[in-house]
Amino acid sequence: MRIRSRSLTRPHGRVSRTIGVLTAALAVASGLAGAGVAGAEVTTAQENPYERGPDPTEGSIEAVRGPFRVAEERVSSFAIGFGGGTIYYPTDTSEGTFGAVAVAPGFTADQGSMSWYGERIASQGFIVFTIDTNTRLDQPGQRGDQLLAALDYLVERSDSDVRRRLDPDRLAVMGHSMGGGGSLEATADRPSLKASIPLTPWNLDKTWGEVRVPTFIIGAENDSIASVRSHAEPFYESLPSSLEKAYLELNGATHFAPNISNTTIAKYSISWLKRFVDDDTRYSQFLCPNPTDRSIEEYRSTCPY
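Read left to right, the sequence shown gives residues -35 to -1, 1 to 270 (mature numbering (1 follows the signal peptide of the UniProt record, and there is no 0)).
Treat the hints as calculated values from the structure; they're not laboratory data.
On a predicted model such as this, the values are computed, not experimentally measured, just so you know.
Incorrect hints may have been included.
Derived pair list, reagent style EDC-like, types lysine to aspartate or glutamate, alpha-carbon separation capped at 20 Å [unchecked claim]:
1. K232 - E262
2. K171 - E202
3. K171 - D132
4. K171 - D110
5. K232 - D244
6. K232 - D20
7. K232 - E27
8. K232 - E84
9. K171 - D154
10. K232 - D245
11. K232 - E186
12. K232 - E263
13. K171 - E198
14. K232 - E23
15. K232 - E16
16. K171 - E186
Working from the sequences, and respecting the hints, build out all of it.
Below, the structure is given as structure tokens:
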């Protein structure tokens, strides 16, 4: 029996960046004290050091390719703890390091079913690791362990080109079906993760009150394998009400919608990763208030964030 950590500590804190405001206040105080300064220069607040790429637009996050060129690295099936996979990473090093996300396939599937996420998300400024599982019959708990093993591989054993681009403190997980159930397992086991995106997730465990990782669940209206009523919706509702979380239900979609290039999934997944892995509030506009368009059957969230 696997026992999940149930820590009540929320690790996803934000560091307040008020250097500019403090500097300005000191300058004003100095002037008032009669220091003889005719006009104190006010320093603007420090920018978020994790912002990557130009200011986003609807068009830029819906595009098939983002602003970063992408390279690939194959990982052998002899990797420790998971079945190998493909790492997609930005070739640019001028903007600093990037956060990373490991992506797991569903029951009986391989990484090929998730390959479209690789370049699409990496080109927006992330390292993306689409993985194979140890066996195609692995259950959600096993897939969760393998997602974490893949992240550990990125941090500890990946090629130097990848490692020097990686920020080991900004990691996330995604997964489809049992891989989506695995992403929930991974967030319960490792609360230091920055984000999780379960895609039409399947898991026999319906309660996830111990999760402390911002979680974006994507369900499908016509899912007959992991119906939203018995999987995605109860998963979302069981997450703490104080958590940064969202639920998007794809209009008219089936269980396998996440296996095919999908602009709606990409748009909001990128926005979620940007907001919580990169702490980039430029992307809040796409998540709050709750978005509405013809591709969305339902959207719930704990906005604003």
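Checked hints:
no.: 1; hint: K232 - E262; verdict: holds, 16 Å
no.: 2; hint: K171 - E202; verdict: holds, 9 Å
no.: 3; hint: K171 - D132; verdict: violated, 32 Å
no.: 4; hint: K171 - D110; verdict: holds, 18 Å
no.: 5; hint: K232 - D244; verdict: holds, 17 Å
no.: 6; hint: K232 - D20; verdict: holds, 15 Å
no.: 7; hint: K232 - E27; verdict: holds, 5 Å
no.: 8; hint: K232 - E84; verdict: holds, 14 Å
no.: 9; hint: K171 - D154; verdict: holds, 16 Å
no.: 10; hint: K232 - D245; verdict: holds, 15 Å
no.: 11; hint: K232 - E186; verdict: holds, 18 Å
no.: 12; hint: K232 - E263; verdict: holds, 16 Å
no.: 13; hint: K171 - E198; verdict: holds, 9 Å
no.: 14; hint: K232 - E23; verdict: holds, 8 Å
no.: 15; hint: K232 - E16; verdict: holds, 17 Å
no.: 16; hint: K171 - E186; verdict: holds, 18 Å
Hint compliance for this structure: hint 3 is the single one not met.
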